[in-house]
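Produce the complete structure using the sequences and hints provided.
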Amino acid sequence: MKSPMKILASGLIASVMTLVSTASYAECATDSLPASMDGPGGFSERALTMIVPYGPAGGSGQVAQAMAQAVTELTGVNINRDHKPGGSGTVGMTAYMAVPADGYAVLEHIDDASSAHALDSSKPNPATDLIPLVISQITFSQIFIRSNEDRFTDWDSFVEWVKAQDGKATIANVSKEGSMERVTMKAISDATGMTIQQISFDKGAPRYGALAGGQVDALFEQPGDVRKFLDSDTFKPILTILKEAPSAFPDVPSLTEAGLDIEPLYRFRGFYVHKDAPADRVEWLQWAFQKAFCQQSYQDFNKSKFMHLIESFRDTEGARELITATIGQYRDVYKEMGLDVK
Amino acid sequence: MDTLTNFMNGTVALFSDPVGIFIFFGGVIGGMLFGAIPGVSMLTLAAILLPFTAHLSPEHGIMLFSVIYCTGVYGGAITAILFNIPGAPENAPTAFDGYPMTQKGQAGKAVGAAVTCSAIGGTISAVLMMVATAPIANWAISAFGPPEIFALVFFGLAVASSVGASTFWKGWLSILLGLLIAVVGLDPVGGIERWDFGMPYLLAGIHFIPMILGFFAVSEVFVQVEKKAKGSYHAPKLSVDFPSLTELFAQKIAVVRSIVIGFFCGILPGIGATLAAFMGYNEAVRWSKDRKEFGTGKMEGVISSETANNAATGAAMIPLLALGLPGGALTAMMVGVFQMHDMEPGPLVFLNSGDLVWVVFSAMFFANLSILLIGYLETKTIINLLRIPFQFLAPLILLLATVGAYAVRGLAIDVAVMFAAGIIGFFLRRSGYSVAGIVLGLILGRIGEQTFAQAMQMLHFEWTGFFFRPIAITLIVAGVLTLLGSIYSSFFKKSE
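For the protein sequence lines, the chains are A and B, in the order given.
Counting from 1, one number per residue, gives the positions in the first sequence under our numbering.
Counting from 343, one number per residue, gives the positions in the second sequence under our numbering.
What the hints contain is simulated information worked out from the structure, not anything from laboratory work.
In this text the structure is predicted, and so the values were computed from the model without any measurement.
Take the hints with a grain of salt, since some may be wrong.
[Stated by the list, open to error] Each pair of labels, with its calculated beta carbon distance range:
| no. | chain 1 | residue 1 | chain 2 | residue 2 | range |
| --- | --- | --- | --- | --- | --- |
| 1 | A | 153 | B | 357 | 58 to 64 Å |
| 2 | A | 165 | B | 815 | 56 to 62 Å |
| 3 | A | 303 | B | 357 | 47 to 53 Å |
| 4 | B | 815 | A | 160 | 52 to 58 Å |
| 5 | B | 813 | A | 154 | 28 to 34 Å |
[Claimed, not checked] Under the rule of at most 25 Å between Cα atoms (straight-line distance), these lysine to any residue pairs were calculated in the SDA-like manner:
| no. | chain 1 | residue 1 | chain 2 | residue 2 |
| --- | --- | --- | --- | --- |
| 6 | A | 203 | B | 633 |
| 7 | A | 303 | B | 683 |
| 8 | A | 186 | B | 633 |
| 9 | A | 168 | B | 811 |
| 10 | B | 594 | B | 633 |
| 11 | A | 303 | B | 532 |
Where a beta carbon is used, it is the ideal one built from N, C-alpha and C, also for glycine.
And the structure:
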């Protein structure tokens, strides 16, 4: 029987993820698109609405704000953000599916929509029930410890220490069973043979406070979300969950260097429109959101969030491939974990 | 000396910037107005302003919310006194005696007492905050993990269990109902869907703001409509006579006691001003020689509640800044303001943004002083709301409450929840159950469940692990003793 680790290593994601380990890009992904494009039939003569299934303060809220600003800079069309948090994105998705499919409403969502569909196919498939306009953030995860930690100092000594604790070691993680974070951490635990208790924190601040205050021994997180702790030398990464180490973290071992034969899962955020929206409006929205990705304000935003370390851009087809592959990968892992996949 | 220097620097930074001054006074007046207008509250104002704070500097954004917090807590007392509609749960005990004072034609005295004591409680709390926050920040994150926070929530519920209810048991049943409502939606650990009845919108849970608006504002309208229908409705008498200095000085012990209670309660993460107000009022009743006069329009009741809830505002900033733990809805929004500016409340704020912290501290100090000055002028106007005929005021209250409920998350179901809570509250209030207890259970239930689950994971699902965490076990024992004492008192009084 294949373990979740081996399923993760199926290479499916690798076929669609073109990762570039470089700190910056001389050319932006959508530089070749036309600088301007007339909206069909005067579209959009009024402001667009962007439904955001999370609060304004978190990662989704921030990327929604940055993308809305970039689209407005590019096109002059205002975008009103309508935050509908709750239910791990379910509430916002449900609200979006209920609005008229006229192209005036777009949706921001993250990879949770893909994992939710993988577990329950009655929930919307972002690749087929929606049209991805652009995926504008793709990032990887790392394992962090306190910089002043003296019980272990790197990945090897951490694994050795965790094994010696006989299951008592702890790592702060996000809460939802089946989430990218928990699935990945389980695969790492299986691959290393260590047993570590995952502590569920669904909010960032308590999660980071738990590591800073010594309530937990380690933290699973994306580097952009803890950048200030890295800049202040409060936390330090000991493992990069990528096949190859990005240039920003040359001294932190990657999965390959740590001898872990698993394929990483990624956190990605993107923007969608209903599949039944008029085709000419969809075409204009695709241009606007993809072109806005290369606006200076958006590029600066992504850079501030460490979203430039691997290629963050996917156009509609690239996004569909990524989402479809991710759903398949999650579904295999869930079945292996014994979850009730519907 | 460093504290004084930092305070002076913060004050200079605050008042040397024209934009800062504008935002400061905008926050002071806005907090008071939104706290005072029936149906909306400082939370409504904060929710409206939250997206706009992204365009302000971090100092201005966080200072604005802290000022709104100080003045909004006071502003909610106005509607509690004039219309029996607390602006927020922390103003609920104010209504116990404030509203009867209005009905007796003493609205001016009640509002004047609230103004003065809110300013005193808040200002002293702000001073204590300046002295205490930095030292606490250094040890709090290591001392307070999920087991300790769960223990705090348990202790807070134990202390507040009987407030606002006719009996201890009805108080606990009210809180348990609130705890039950808190489990609607995804569970905080596994993401398991609970009590959603196939409605995706319920996965987001029941929000406490529509519940507050329903239980207090909507149900009060129903109560008054019933009186109108029965012909027993009497418009409250209008008076603007403020209490004399002699009358206020006579309440000095109640003020000091409520400051101590308020500050202590404010430090408890996730509890704050609501528990403070109830405990302040409860202790005033407990220590009074004229217990039977409480609830009939006794000024000491208003003073105890309002001093305590404003004293909690400064204290509530300590867990927020030191731990990143919001004490209530508004401080939770302040976390959002921090994050919008790429910051996290916590000890790193002191290290990385010390200037910002002291601007906020100074702003809170002066915001509380402003309550005295602007509060007197403003309330002279606000009291005239009593002149509006009920048939015009009631629809306005319902309209504002509906807007307030919808504005929280943009979900129509929140409006439905508000009206359902209004109907349920209408019947519960006449049966001796505590609608404030239900709200308290709902607010603390979420925090309690999450921290309990985290604590059990940290303790490897051995509940005896609490015994090896001194702060947690101390709070749990204190909570258990409080409960046992309340149970004993309920039987003892019955036998008497």
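Results of checking the hints against the structure:
Take residue 153 (chain A) and residue 357 (chain B): their Cβ atoms lie about 48 Å apart, and the range 58 to 64 Å is violated. Checked against the hint of 56 to 62 Å, the pair residue 165 (chain A) and residue 815 (chain B) fails, with Cβ atoms roughly 23 Å apart. The hinted range of 47 to 53 Å is not satisfied by residue 303 (chain A) and residue 357 (chain B), whose Cβ atoms lie roughly 36 Å apart. Separation of residue 815 (chain B) from residue 160 (chain A) is about 33 Å and departs from the stated range, judged on CB atoms against 52 to 58 Å.
Here the CB-CB span from residue 813 (chain B) to residue 154 (chain A) is close to 33 Å, well matched to the stated 28 to 34 Å. The hinted pair formed by residue 203 (chain A) and residue 633 (chain B) fails the criterion: a straight-line CA distance of about 45 Å is larger than 25 Å. Using a Cα cut-off of 25 Å, the hinted pair residue 303 (chain A) and residue 683 (chain B) holds, with the two alpha carbons roughly 15 Å apart. Taken as a hint, the residue 186 (chain A) and residue 633 (chain B) pair is broken in the structure, with Cα atoms around 60 Å apart against an allowance of 25 Å.
Proximity of residue 168 (chain A) to residue 811 (chain B) is assessed by CA-CA distance (about 16 Å); at most 25 Å being required, the pair is judged to hold. With a CA separation close to 18 Å, the supplied pair residue 594 (chain B) and residue 633 (chain B) stays within the 25 Å bound. At roughly 33 Å between alpha-carbon atoms, residue 303 (chain A) and residue 532 (chain B) are farther apart than 25 Å, so this suggested pair is violated.
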